[in-house]
Amino acid sequence: MNKKAATLLLAAVVIAGGALVYRDEVEPYTSRLLALVSSTAVPEAAAQLDEMPVPQVPVAEVVSRKVALSVEFTGHLEATKVVELRPRVGGAIDAVSVPEGGLVRQGQLLFQIDPRPFQAALDAAKAQLQQAAVLLDQAEIDFKRVETLAPKGTVSRKTFDDAQTARRQRQAQVEIAKASVAGAELDLSFTRVTAPIGGRVDRVLVSEGNLVAGGNAGAATLLTTIVSTDPLYVYFDIDEATYLEFVVRARAIESGKAAGKIPVQVGLMTDAGFPHVGEFDFLGNRVDRSTGTIRARAVVKNPDGQLAPGLFARVNLVTAEPVQTVLIDDQAIGIDQGNRYVLVLGTEDKAEYRPVELGPMVDGLRVVTAGLNSGEKIIVKGLVRPGMRVAPQMVSMLPDQAADENRAAAETQEARR
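Each residue of the sequence shown is one higher than the one before, starting from -6 at the first, in our numbering.
Hints are computed from structural coordinates only; laboratory data are not their basis.
Hints are supplied without guarantee of correctness; some may be wrong.
List time: in silico SDA-like cross-link candidates among lysine to any residue, alpha-carbon distance up to 20 Å [unchecked claim]:
{"no.": "1", "residue 1": "Lys137", "residue 2": "Arg163"}
{"no.": "2", "residue 1": "Lys59", "residue 2": "Phe275"}
{"no.": "3", "residue 1": "Lys171", "residue 2": "Ala118"}
{"no.": "4", "residue 1": "Lys74", "residue 2": "Arg193"}
{"no.": "5", "residue 1": "Lys151", "residue 2": "Thr141"}
{"no.": "6", "residue 1": "Lys343", "residue 2": "Thr318"}
{"no.": "7", "residue 1": "Lys137", "residue 2": "Ala118"}
{"no.": "8", "residue 1": "Lys151", "residue 2": "Arg163"}
{"no.": "9", "residue 1": "Lys254", "residue 2": "Pro224"}
{"no.": "10", "residue 1": "Lys370", "residue 2": "Gly357"}
{"no.": "11", "residue 1": "Lys119", "residue 2": "Val56"}
{"no.": "12", "residue 1": "Lys137", "residue 2": "Gln121"}
{"no.": "13", "residue 1": "Lys74", "residue 2": "Pro46"}
{"no.": "14", "residue 1": "Lys254", "residue 2": "Gly277"}
{"no.": "15", "residue 1": "Lys137", "residue 2": "Lys119"}
{"no.": "16", "residue 1": "Lys59", "residue 2": "Gly380"}
{"no.": "17", "residue 1": "Lys171", "residue 2": "Gly94"}
{"no.": "18", "residue 1": "Lys171", "residue 2": "Tyr228"}
{"no.": "19", "residue 1": "Lys171", "residue 2": "Ala188"}
{"no.": "20", "residue 1": "Lys74", "residue 2": "Thr340"}
{"no.": "21", "residue 1": "Lys343", "residue 2": "Gln49"}
{"no.": "22", "residue 1": "Lys374", "residue 2": "Thr340"}
{"no.": "23", "residue 1": "Lys370", "residue 2": "Glu350"}
{"no.": "24", "residue 1": "Lys145", "residue 2": "Asp130"}
{"no.": "25", "residue 1": "Lys370", "residue 2": "Thr318"}
{"no.": "26", "residue 1": "Lys294", "residue 2": "Tyr228"}
Restraint-style ranges between C-beta atoms, simulated for each label pair [said to hold, decoys possible]:
{"no.": "27", "residue 1": "Asn209", "residue 2": "Lys74", "range": "55 to 61 Å"}
{"no.": "28", "residue 1": "Lys59", "residue 2": "Pro379", "range": "18 to 24 Å"}
{"no.": "29", "residue 1": "Thr67", "residue 2": "Met381", "range": "21 to 27 Å"}
{"no.": "30", "residue 1": "Ala234", "residue 2": "Glu54", "range": "30 to 36 Å"}
The model shown is predicted, which means the values in this text are computed figures rather than measured ones.
Idealized CB from N, CA, C, for every residue including glycine.
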């Protein structure tokens, strides 16, 4: 046997001997040590888990009430009336009493054009009327004289006809003079430029002493612009799907088969919710093929003047009759890979995962179209996993009541401190 083979044989003997020693001496101690750890550590860990406090979380019962489902659109406000104020007659501006950017009432004096030329024209027209009246009186006297003599044959037939014609001419001249007086009075009244509508005035484009042209709209000088402020129109475009759902109800109301008006709620971009209330007013007669929408209009009241023509607005249109609906607080909704869910308080006060389908916001609460039933309770907020046991603290689902309850609880805790 050579030296290399002897070395390999010796190594094999050493390894075999070590394995026997480990099996007989070390392995029993290792097994007993693992058993000891298992018998002490696992019960202690389980006991610690059992001793962990159950988290207290706010729980609220879902709100169930009748809600008229609606769709939100973006539109813009326009005035119901817009007037470009131009003078009917030309002349020099004597006075400007327009409150730039302010409100005016219908009939309020805004501009005064120099009335003296028009007063003179009126006086001349009245004088011509008096002259025509005198000539008519003379023609009446002449005609009566000829009419008396005609049966006796004292005057010819031609003289009678001439007298009758002269009387008729004088009568016509009197009527012309009366019309001239009426026209002169009208021109004089036009020197007082008043507000044809009530509303808000734009900036004034002329000042005292300037000459303005009157007459037709194209030639007359633009003085200012007035827009009505109450009520206002809000125009918006309805998509085709909403139109198909909404048109049946709208046409029924138009034809008188259904009573009432279709309510519309309007809010500005900075408003929380839709504080302004209006009514549906107009629906277009065709769908725009390029956009797939149809133009609609509503009338919204604006008594405080907060709304202004040209502003963008959010429009909440009620598309159907009220139906029983479940509503919840938005903060109770979680997101799981793009899906919405809530945690329902189940048996033994354990949190149950429940996917839901959501609708629009109504009075600060989110509409749930599928996934929840009336009477169920959900966890409003808190770090809770599905299957976890919780200690429910009942709160109100309504935002205002919940805020009051939280405030009262905070005050109670502060008093205890």
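Going through the hints against the structure:
1. Lys137 to Arg163: holds, 14 Å
2. Lys59 to Phe275: Roughly 27 Å between the alpha carbons, so the hint for Lys59 and Phe275 is violated.
3. Lys171 to Ala118: holds, 8 Å
4. Lys74 to Arg193: holds, 11 Å
5. Lys151 to Thr141: holds, 15 Å
6. Lys343 to Thr318: Distance of about 25 Å is beyond 20 Å: violated.
7. Lys137 to Ala118: This hinted pair is violated, its Cα atoms lying about 29 Å apart.
8. Lys151 to Arg163: With a Cα-Cα distance of about 18 Å, the restraint between Lys151 and Arg163 holds, given a limit of 20 Å.
9. Lys254 to Pro224: It holds: about 16 Å lies between the C-alpha atoms, which stays within 20 Å.
10. Lys370 to Gly357: holds, 18 Å
11. Lys119 to Val56: violated, 79 Å
12. Lys137 to Gln121: violated, 24 Å
13. Lys74 to Pro46: violated, 68 Å
14. Lys254 to Gly277: holds, 17 Å
15. Lys137 to Lys119: Distance ~27 Å between Lys137 and Lys119 Cα, so the pair is violated.
16. Lys59 to Gly380: Judged against 20 Å, a Cα distance of about 32 Å means the pair is violated.
17. Lys171 to Gly94: Not satisfied, since the Cα-Cα distance of roughly 42 Å exceeds 20 Å.
18. Lys171 to Tyr228: Distance of about 49 Å is beyond 20 Å: violated.
19. Lys171 to Ala188: Roughly 29 Å between the alpha carbons, so the hint for Lys171 and Ala188 is violated.
20. Lys74 to Thr340: Not OK: Lys74 and Thr340 at ~63 Å, beyond 20 Å, violated.
21. Lys343 to Gln49: Given pair Lys343, Gln49 holds - Cα atoms ~12 Å apart, limit 20 Å.
22. Lys374 to Thr340: holds, 19 Å
23. Lys370 to Glu350: holds, 17 Å
24. Lys145 to Asp130: violated, 24 Å
25. Lys370 to Thr318: Distance of about 15 Å is within 20 Å: holds.
26. Lys294 to Tyr228: Status holds; Cα separation ~14 Å.
27. Asn209 to Lys74: 55 to 61 Å: violated, 21 Å
28. Lys59 to Pro379: 18 to 24 Å: violated, 32 Å
29. Thr67 to Met381: 21 to 27 Å: violated, 42 Å
30. Ala234 to Glu54: 30 to 36 Å: Given about 33 Å between the Cβ atoms, the range holds.
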